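Residue-level listing of the chains:
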Amino acid sequence: MNSVSKSLQLILKSHKSGFLLLVFFSLFACVDIEEYPNNPRGNFEALWTIMDEHYCFFEYKKEWIDWNKIHSEYKEKVKNDMDDEALFALLNEMLQELKDGHVNLYTPFDVGRYWKWFEDYESNFDESLINKYLDSTYAIAGSIRYQILEDNIGYLYYGNFSSVIGETNLDYIIHGMSDCRGLIIDVRNNGGGLLSNVNKIASRFVTEKTLVGYMQHKTGKAHDAFSEPVARYIEPSARLHYQKPVVVLTNRSCFSATNDFVNAMRYCPKVTILGDRTGGGSGLPFSSELPNGWSVRFSVCPMLDADKNHLELGIEPCIRKDLLPSDVEKGKDTLIEAAKQEIKNWSSSCSDRFN
Amino acid sequence: MLSTINKTLCIFLLFLPVAFLARSQEEKLVPLTYQSSLIGFGTSRVYDSYLSPLIYSGSNVGILYEKMCMAGWGNGNFSPQHQLFFDYSCTGNKTNTASDHTGLIEYDYTVYYRFNLNDDFQVFAGAQAGVLLGFIYNSRNGNNPVSAKGNVNLGLSGIAAYKLMIKSQPVRFRYQFNLPVAGGVYSPQFGESYYEIGLGNSEKLFYLSSFHNHFAFKNILSVELPLNWLTFRATFANSFYQTIINDLTTQWHSNTFYLGVSKNFYTVNGREQHNGKYSGVFK
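Those protein sequences? They're chains A and B, same order as listed.
Per the numbering used here, the very first residue in the first sequence carries number 1; after that it's consecutive.
Per the numbering used here, the very first residue in the second sequence carries number 1; after that it's consecutive.
Keep in mind that the hints were calculated from the coordinates and are not lab data.
Among these hints, one or two may not hold up.
Which stretches of chain B does chain A cover? Using the computed rule of at least three CB atoms under 8 Å from a CB of chain A, they are [stated by the list, open to error]: (1) 87-98; (2) 177-191; (3) 196-209; (4) 243-251.
Straight-line distance between alpha carbons at most 27 Å, and here's what the computed DSS-like set of lysine-lysine pairs gives [what the hints assert, rightly or not]: (5) K204/B - K221/A; (6) K99/A - K308/A; (7) K94/B - K221/A; (8) K209/A - K308/A; (9) K61/A - K75/A; (10) K116/A - K344/A; (11) K67/B - K163/B; (12) K244/A - K209/A; (13) K132/A - K344/A; (14) K204/B - K209/A; (15) K61/A - K116/A; (16) K263/B - K77/A; (17) K77/A - K221/A; (18) K277/B - K263/B; (19) K132/A - K77/A; (20) K69/A - K221/A; (21) K163/B - K75/A; (22) K132/A - K221/A; (23) K94/B - K79/A; (24) K75/A - K99/A; (25) K308/A - K204/B.
Since this is a predicted model, take the numbers as computed values, not measurements.
From the three backbone atoms N, C-alpha and C, an ideal C-beta is built for every residue, glycine too.
Model the full structure from these sequences, guided by the hints.
Rendered as structure tokens:
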């Protein structure tokens with residue numbers, strides 16, 4: 001052991017190689033973090049790069065999006081003497097090229113958004129009509145409003161997937177509707193929320209483990225770097241189930257988690273989708289930020305249907321219906337009336353129609 | 001009668017180390033266990049590209065616990081050391097529009113070989129095994145609010161300890177470095193959400209690590225000043241942690257100034273305690 005001590009003394013005295021080894025590792029292992037400057041050009045480059053590296057639909061939307069070309073076009077317009085409002089307008093315009101409702105730019109004075117996915121279409125929804133059907137005697141379980149309509153058909157309205165809904169709430173709703181001929185689930189104007197609520201509700205309408213789609217994520221910065229799609233299933237709930245005809249009402253404002261819910265429900269037995277095409281929004285959004293502190297939200301994880309088709313641009317209903325002004329004048333909701341007829345004359349579910 | 005026995009025992013215990021030390025000069029020194037507990041404050045810098053492209057900076061609080069003893073084997077040349085670090089930092093971006101909360105807990109076990117270069121200067125060289133668990137939480141993000149951290153490592157560590165006599169009081173200076181060399185590290189994929197991971201949709205979350213994708217070190221500089229009942233210890237720790245996996249980069253860097261106490265204990269095993277020489281709390 002003394003020889004080891006002597007050797008170390010020699011090493012420390014002569015070469016200092018332990019220290020040099022540390023310095024060597026430090027040099028090649030530490031990386032410098034590149035931060036963009038906090039000026040209009042720096043913020044523009046930061047935003048473009050965040051989207052370039054993370055946004056997941058460049059490949060799917062490549063027919064109308066050339067992100068490098070967009071960089072060249074907008075770079076010319078960015079001036080370092082722009083004020084915040086002008087910079088926001090320009091950056092928001094650039095983001096709108098993506099035509100994605102999940103892409104937002106948040107500033108203290110405005111929120112950049114692309115809402116043409118519902119603004120350019122008929123709403124097919126009238127809140128006052130819903131209130132007429134619900135009457136003043138409707139019940140509320142969690143955040144779901146529900147009522148038994150004339151003709152003994154259950155109707156429930158769920159307006160936000162971010163709102164709390166518990167298993168016990170669903171038990172009470174299903175139990176309350178158990179004697180009805182069928183059930184109308186109205187998710188019109190539901191802009192999305194928690195995916196966990198999608199699974200929770202849909203699990204009450206499947207009788208066996210059902211493949212409803214796939215999910216993937218980006219594995220790198222390249223536009224086409226994706227993981228293998230992983231199957232998503234809805235497992236039947238161990239609690240109360242509803243096994244009578246169900247009609248899900250949709251419009252263009254069904255977005256994000258609601259889009260996912262509509263997709264899941266169309267694979268359930270005895271369920272049909274009625275109304276307008278959904279708004280889409282199938283990319284799970286992430287958040288990031290610019291050097292000036294503005295936040296940006298963007299899609300990162302695409303969700304696909306059971307046939308691995310993208311759902312980003314919405315889902316066609318099984319039965320297409322619009323809200324007719326003539327019905328509105330009579331105090332009738334065309335979609336609810338059609339859904340009632342569909343339940344009364346039940347013939348086939350969405351999944352049957354697919355097959 | 002009982003008080004006489006107690007006094008005798010106290011005197012015996014008081015002089016026991018002296019007796020041992022006296023004997024040790026001829027035969028063998030009494031092995032003592034070193035323990036130290038410190039609390040620290042400092043500054044930290046956090047970067048995690050999963051959460052943000054910006055560097056966050058702010059302050060941190062830390063706790064450092066250390067225990068070191070002489071091994072009962074290897075002719076007293078080996079010293080195992082336990083080190084437990086806890087660090088919490090609250091950092092913000094440059095525009096103060098978002099904050100990161102970072103929590104890390106790290107345990108390292110090292111076995112050192114001791115080189116007594118002379119009476120005042122010692123050098124320790126050791127092999128280390130460590131585990132680190134942590135998180136970085138970003139207050140602003142929606143579906144990607146957290147970046148979880150985890151790794152197990154085998155590494156190297158070294159200590160240089162120097163004793164300086166000032167007015168007949170020993171003031172001890174100590175430098176220690178910890179350098180993980182290889183192990184395993186946790187990382188999600190580049191754009192993978194924790195929602196997906198929660199569903200079990202993950203092909204690979206753990207990676208073999210070495211300097212190419214994981215680099216971390218600690219520089220710990222301490223000075224210890226003996227007082228009447230304990231030893232005061234002041235420590236400066238410079239910590240760096242970096243992973244680059246799946247195009248995701250994490251950097252955490254802190255400079256923490258710790259204050260605390262250290263003590264040396266003589267431990268008696270259960271069998272020795274029954275030989276009548278010691279008075280323990282439990283008979």
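Hint check results:
no. : hint            : result
1   : 87-98           : holds (count 6)
2   : 177-191         : holds (count 5)
3   : 196-209         : holds (count 4)
4   : 243-251         : holds (count 5)
5   : K204/B - K221/A : holds (18 Å)
6   : K99/A - K308/A  : holds (21 Å)
7   : K94/B - K221/A  : holds (25 Å)
8   : K209/A - K308/A : holds (18 Å)
9   : K61/A - K75/A   : holds (21 Å)
10  : K116/A - K344/A : violated (36 Å)
11  : K67/B - K163/B  : holds (19 Å)
12  : K244/A - K209/A : holds (18 Å)
13  : K132/A - K344/A : holds (21 Å)
14  : K204/B - K209/A : holds (25 Å)
15  : K61/A - K116/A  : holds (16 Å)
16  : K263/B - K77/A  : violated (67 Å)
17  : K77/A - K221/A  : holds (26 Å)
18  : K277/B - K263/B : holds (22 Å)
19  : K132/A - K77/A  : violated (51 Å)
20  : K69/A - K221/A  : holds (18 Å)
21  : K163/B - K75/A  : violated (63 Å)
22  : K132/A - K221/A : violated (51 Å)
23  : K94/B - K79/A   : holds (22 Å)
24  : K75/A - K99/A   : holds (20 Å)
25  : K308/A - K204/B : holds (22 Å)
The structure shown violates the earlier hints numbered 10, 16, 19, 21, 22.
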